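Listed here are the chains, written in short residue letters.
Protein chains: 2
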Amino acid sequence: MMQSVDYIIHADYVLPMDERLTVIKDGAIAVKGTQILEVGTSEGIFRKYASRAIISGRENVVFPGLINTHTHAAMVYFRGIADDLPLREWLENHVWPAENRWLSPGFISDAVELACLEMLKGGVTTYNDMYFYEDAAAEATKKVGMRAVLGAGILDFPTKSASTADEYFANAESFIKDWKGDNLITPCIAPHALYTCGPETLKRARHVADTYDVPIHIHLSETRWEVEEIRKRYSMMPVEYLDSLGFLDERVLAAHCVWLTDPEIKILAQKGVGVSHCIESNLKLSSGIAPVVSMLKAGVKVTFGTDGAASNNDLNILSEMSTAAKLHKAYSEDPTALDAKTALLMATRWGAEVLGLGRATGSIEEGRAADLVMANLNKPHLTPMYNIYSHIVYSMRPSDVEMVMVDGRVVVNDGKLTTADESEILYKAKEWCKKISTSPFFPQGPY
Amino acid sequence: MMQSVDYIIHADYVLPMDERLTVIKDGAIAVKGTQILEVGTSEGIFRKYASRAIISGRENVVFPGLINTHTHAAMVYFRGIADDLPLREWLENHVWPAENRWLSPGFISDAVELACLEMLKGGVTTYNDMYFYEDAAAEATKKVGMRAVLGAGILDFPTKSASTADEYFANAESFIKDWKGDNLITPCIAPHALYTCGPETLKRARHVADTYDVPIHIHLSETRWEVEEIRKRYSMMPVEYLDSLGFLDERVLAAHCVWLTDPEIKILAQKGVGVSHCIESNLKLSSGIAPVVSMLKAGVKVTFGTDGAASNNDLNILSEMSTAAKLHKAYSEDPTALDAKTALLMATRWGAEVLGLGRATGSIEEGRAADLVMANLNKPHLTPMYNIYSHIVYSMRPSDVEMVMVDGRVVVNDGKLTTADESEILYKAKEWCKKISTSPFFPQGPY
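If you read the protein sequences in the order shown, they are chains B and H. Under my numbering, think of the first position of the first sequence as 281, with each following residue one higher. Under my numbering, think of the first position of the second sequence as 281, with each following residue one higher.
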């Protein structure tokens, strides 16, 4: 008796990214509702399951949806607004004034749609965000059908979204209560950074995380300036300081981690802190190069983040993998460092794990949500094919992604978004761009 | 009276990459035969010229065809054959045995078609190659309609293509004589490197270049090992040694240039030697990071090369620009280094100049060959648009390229090759791959 399912997904190669890093040639996946029922050879799956729909193709590969563990999604509307500038000029004369002038729930909602569109088309199924008006971000993300961990940034100074610590925390707690338990949106608490949040704010954020059992998202040791600043204020290195506050454990996702000492790496490993490596942003802003190989050796789970599109300038995890896997070979003077399998693991299963979503997504295994990507291998830049991991990490591009499923729903089909109108999303972005670039607040004339 | 032309190309933005780095909004280009007649505003061009065909579109940009100044095109057939390995193991146990087993004019011809297909679809209109059986490469390149500078590698030891110095040079001279004056193919002389060619071979290559007035293509200071080797043999640094032989001038394109001293950079600048920076290959093979910012400051014309696809693993100059422009900001600790305009200049006009093709291609100006790219800006990852240079360098992907013209001929239209059958090129590559990966010479089992 055949078991009935909603989808059978059939591919030349299935990479479940399970513990054994199996590669299934001529594989298939049975999906029922939001979940993966079984993954195996196509022969076995087709013998056991009857499906209302079969998603197939020739010369393709299926792997888990990619996880972007650090971004500010709505910043896509500031993509390319100010490039090739010193960090402080970029922030103080361009990014902050633009944010101060333009951010609103309406802006966030429209901008997040564009960010989700870009990410989904590039095979990213989950993102971890820290920005403002996350309620609008959550609605937009859910509408488009993407998975996200969202937290509004908490700072010790007023921004458009809140004026006092109490207001920031009240907003954060009400956001957590509203969204906790949602199938796609995981609320989190997001104290911005050590130089923008004093110890009381950090401890309070930690307390909220424990109270509501939600993840913590924080920037950590992105720039040399920031590390010096923390050392001046607290006479400790940033990780040691956080540890002294009782802040660190598996609940914490620390973005950047560029300027770490060996003892700090050891603490991150011991406490099980997850790291989001944002190589393209760190390079472009000249922040520095994170000691990824040392972190991996110490047992730290390093994952990939794009950071915001104002400093990247895209939300492309395929490219983050490729850049990082190549760069750390040169940086560690070891051509075997950060091999292709490890890079894909960091971008999938580990990404889910560091966000507290390890049981929900990140691999193609029984009981996980059906979050997966099908890519076409019949492309000049993917021909010939000797090694599937190498192709995904070093050669694959977003345009190779043909089908994306999130939580059992096909959200990209034949390379096109199914859940919203792409041209409307682009149209809204252009209207916002017109307003932004013709405003007296615009810091430069567009070409 | 309107002047009749073959094409008017009309775009929202035209970047001629001329001396003034003009940006023409609502621009157009008149093309007659192989040449650009005029570039200007669309109003001016449409008033003056009548065209049999108009190439247009909404929300697009036209810029000069990108120049790949260092590759081994046929190595696309070894894409991903061996990754994440130490350099010597990669070369000695994988690449050289594969080359020794498989290279032939037939292999080169089929593989070069694939390489040209990949490059053209990514907006590359000219490549500079050093490999074997360049006659087959020239025929294939010409058939597909791409521009190339080609030179068969000359070494002091036998390979499949030649056994003695005399044979290498006889082959090279006959190749030069056969192709000199061709509209698309420029023959060159390509002594492989300082550690594989003794001083007599280098001087002889230099003499051939002068005799026939052709460019010289050589690998230079790619690895630390190689620099040490040259110092041991000749008690000089590699650039000083080449200079002592009278080898260096504007005719020379030196690939890699990773391990240079400041005095060597000064010599390269004084002699007008062109450099091909192969950042992705240098990172992936852990060769090191070239001092590009210092070279640019010293006045060296640095351009971009992909190297072969066995060490990259694609032939994507858009990505080389992006990686280099970001990386050198972090490496030089200066976020203003290698800005987007400079990166595009290096990938276009300078690329042509260092190959001795500065009067033929590299910019969209009157009298230049019509080698140009039209890309679609109406994409999620290119929206919104504040700065066109930034978009091309930091966000554009090969899949955004819609039309490519080489020497006045449309070779890519609507993203598809017009000059050969794409599926046949891919089919041939897969047949070769089957042979290679099932042979006892194959160094690893494919997944």
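For the record, the hints were derived by calculation from the structure and aren't laboratory data. This one's a predicted model, so the numbers in the text were calculated from it and none came from an experiment. Fair warning: there could be bad hints in the mix.
Because identical chains cannot be distinguished in the list, a pair is counted as satisfied if it fits within a single copy or across any two copies.
Straight-line alpha carbon distances no greater than 27 Å define the calculated DSS-like cross-link-like pairs of lysine-lysine that follow [what the hints assert, rightly or not]: (1) K551 / K696; (2) K512 / K423; (3) K305 / K714; (4) K422 / K457; (5) K312 / K328; (6) K328 / K546; (7) K715 / K621; (8) K512 / K328; (9) K483 / K546; (10) K715 / K305; (11) K710 / K621.
Results of checking the hints against the structure:
| no. | hint | result |
| --- | --- | --- |
| 1 | K551 / K696 | neither (41 Å within a copy, 52 Å between copies) |
| 2 | K512 / K423 | neither (45 Å within a copy, 66 Å between copies) |
| 3 | K305 / K714 | between (49 Å within a copy, 16 Å between copies) |
| 4 | K422 / K457 | within (17 Å within a copy, 65 Å between copies) |
| 5 | K312 / K328 | within (13 Å within a copy, 64 Å between copies) |
| 6 | K328 / K546 | neither (47 Å within a copy, 70 Å between copies) |
| 7 | K715 / K621 | between (45 Å within a copy, 25 Å between copies) |
| 8 | K512 / K328 | neither (64 Å within a copy, 68 Å between copies) |
| 9 | K483 / K546 | within (22 Å within a copy, 55 Å between copies) |
| 10 | K715 / K305 | between (51 Å within a copy, 19 Å between copies) |
| 11 | K710 / K621 | between (39 Å within a copy, 23 Å between copies) |
Of the numbered hints listed earlier, those contradicted by the structure are 1, 2, 6, 8.
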